[in-house]
Amino acid sequence: ELKVEQNPLFLSMQEGKNYTIYCNYSTTSDRLYWYRQDPGKSLESLFVLLSNGAVKQEGRLMASLDTKARLSTLHITAAVHDLSATYFCAVDGYSGGGADGLTFGKGTHLIIQP
Amino acid sequence: EADIYQTPRYLVIGTGKKITLECSQTMGHDKMYWYQQDPGMELHLIHYSYGVNSTEKGDLSSESTVSRIRTEHFPLTLESARPSHTSQYLCASSGYYEQYFGPGTRLTVT
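Chains as they are written, first to last, in the working numbering: chain A, 1 to 114; chain B, 1001 to 1110.
No wet-lab data here; the hints were simulated from the structure.
We put the beta carbon where it would ideally sit given N, CA and C, even for glycine.
Certain hints may be false.
[As the list claims (entries may be wrong)] Ranges of calculated distance between the beta carbons of each label pair, as one might list FRET restraints:
#1 A:59 - B:1057: 37 to 45 Å
#2 B:1013 - A:57: 38 to 46 Å
#3 B:1070 - A:80: 42 to 50 Å
#4 B:1083 - A:30: 39 to 47 Å
#5 B:1016 - A:14: 48 to 56 Å
#6 B:1095 - A:40: 24 to 32 Å
#7 A:13 - B:1041: 17 to 25 Å
#8 B:1015 - A:52: 43 to 51 Å
#9 B:1011 - A:69: 37 to 45 Å
[What the hints assert, rightly or not] DSS-like, lysine-lysine: derived pairs with alpha carbons at most 25 Å apart:
#10 A:17 - A:106
#11 A:3 - A:68
#12 A:56 - A:3
#13 B:1017 - B:1057
#14 A:106 - B:1057
#15 B:1031 - A:106
#16 A:3 - A:106
#17 A:68 - A:106
#18 B:1031 - A:3
#19 B:1057 - B:1031
#20 A:106 - A:56
#21 A:41 - B:1031
#22 A:56 - A:68
#23 B:1057 - B:1018
#24 B:1057 - A:3
So that you can see chain A by itself, here it is in the shape it has in the complex (with noise of 0.2 Å):
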């Protein structure tokens, strides 16, 4: 069974400031997924990493994933508020064997504040 963590799940910084989430995966995939939502809004697509070592960046944050060590990472850079949401990750569960369809974390809440 294909298991989603993130870490951690809520988050409070302050603007300018640094951060890391974190999510690792439990079976083998080639394809992760990052999504931010908006309160009572639909999931908005960031990223897809479809690699080994696959990096991609929009604005401030920047995406990576290591398919050996299973693990994706959301890094984000001199925070501002807009930034404010949830972030899930998601992993395609079609080579993970078991339903197709995605199977995401738990999310990250992240507050950012003045």
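Once you've looked at the hints, dock chain B against the given chain A.
Relative to chain A, chain B alone:
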């Protein structure tokens, strides 16, 4: 920009009613999914489809049913709604890499 639509966006309904949540996409994707999400929690896959006439149950057991008669349409039905069905339901479709989510239906069963 993903074109995936869900209706209704919000629904409050009494116990025992039959409801259908609509989902449609205009991208021609074969794979479609339904996820259930309680507020502030992770998403759980409840149904998926590989294409017309294909439906499968997901990891989370659900009393709902789905159908896939047309590629673009993947409705979810609850024959008899109960308060335990109160949740947000998110529909998604998938190309080769990306999975796109609809805006969701927030269901409250009283």
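Hint check:
For the hinted restraint 37 to 45 Å between residue 59 (chain A) and residue 1057 (chain B), the CB-CB distance of approximately 38 Å keeps it satisfied. Evaluation of the 38 to 46 Å hint for residue 1013 (chain B) and residue 57 (chain A) yields a pass: the beta carbon distance comes to about 44 Å. Under the hint 42 to 50 Å, the C-beta atoms of residue 1070 (chain B) and residue 80 (chain A), about 43 Å apart, fit the expected range. Checking the proposed 39 to 47 Å range against residue 1083 (chain B) and residue 30 (chain A) shows it holds: the Cβ atoms sit about 40 Å from each other.
About 50 Å separates the C-beta atoms of residue 1016 (chain B) and residue 14 (chain A), a value consistent with the hinted range of 48 to 56 Å. Separation of residue 1095 (chain B) from residue 40 (chain A) is about 27 Å and conforms to the stated range, judged on CB atoms against 24 to 32 Å. The hint said 17 to 25 Å for the Cβ distance between residue 13 (chain A) and residue 1041 (chain B), and at roughly 22 Å that hint holds. A hinted range of 43 to 51 Å for the beta carbons of residue 1015 (chain B) and residue 52 (chain A) is consistent with their spacing of about 50 Å.
For residue 1011 (chain B) and residue 69 (chain A), the hinted distance range of 37 to 45 Å is satisfied, since their beta carbons lie about 43 Å from each other. Our distance criterion of 25 Å between C-alpha atoms is met by residue 17 (chain A) and residue 106 (chain A), whose separation comes to about 23 Å. The straight-line distance between the Cα atoms of residue 3 (chain A) and residue 68 (chain A) is roughly 16 Å, inside the 25 Å bound, and the hint therefore holds. Taken as a hint, the residue 56 (chain A) and residue 3 (chain A) pair is honoured in the structure, with Cα atoms around 23 Å apart against an allowance of 25 Å.
This hinted pair checks out: residue 1017 (chain B) and residue 1057 (chain B) have alpha carbons roughly 22 Å apart, not beyond 25 Å. With a CA separation close to 21 Å, the supplied pair residue 106 (chain A) and residue 1057 (chain B) stays within the 25 Å bound. Distance restraint check for residue 1031 (chain B) and residue 106 (chain A): the Cα-Cα separation of roughly 24 Å lies within the 25 Å cut-off, and the hinted pair is therefore satisfied. With a C-alpha separation of about 10 Å, the suggested pair residue 3 (chain A) and residue 106 (chain A) falls inside the 25 Å cut-off, and the hint holds.
A hinted pair counts as satisfied when its Cα atoms are at most 25 Å apart, and residue 68 (chain A) with residue 106 (chain A) qualifies at roughly 22 Å. Between residue 1031 (chain B) and residue 3 (chain A) the CA atoms are separated by roughly 22 Å; this keeps the pair inside 25 Å, and the hint holds. For the hint pairing residue 1057 (chain B) with residue 1031 (chain B), the CA-to-CA distance comes to about 13 Å; that is within 25 Å, so the pair holds. Distance restraint check for residue 106 (chain A) and residue 56 (chain A): the Cα-Cα separation of roughly 22 Å lies within the 25 Å cut-off, and the hinted pair is therefore satisfied.
About 22 Å separates the Cα atoms of residue 41 (chain A) and residue 1031 (chain B), which keeps this hinted pair within 25 Å; it holds. A hinted pair counts as satisfied when its Cα atoms are at most 25 Å apart, and residue 56 (chain A) with residue 68 (chain A) qualifies at roughly 18 Å. Our distance criterion of 25 Å between C-alpha atoms is met by residue 1057 (chain B) and residue 1018 (chain B), whose separation comes to about 20 Å. For the given pair, residue 1057 (chain B) sits about 18 Å from residue 3 (chain A) by alpha-carbon distance, which is consistent with the 25 Å threshold.
Comparing the model with each earlier hint shows no violations; every hint is respected.
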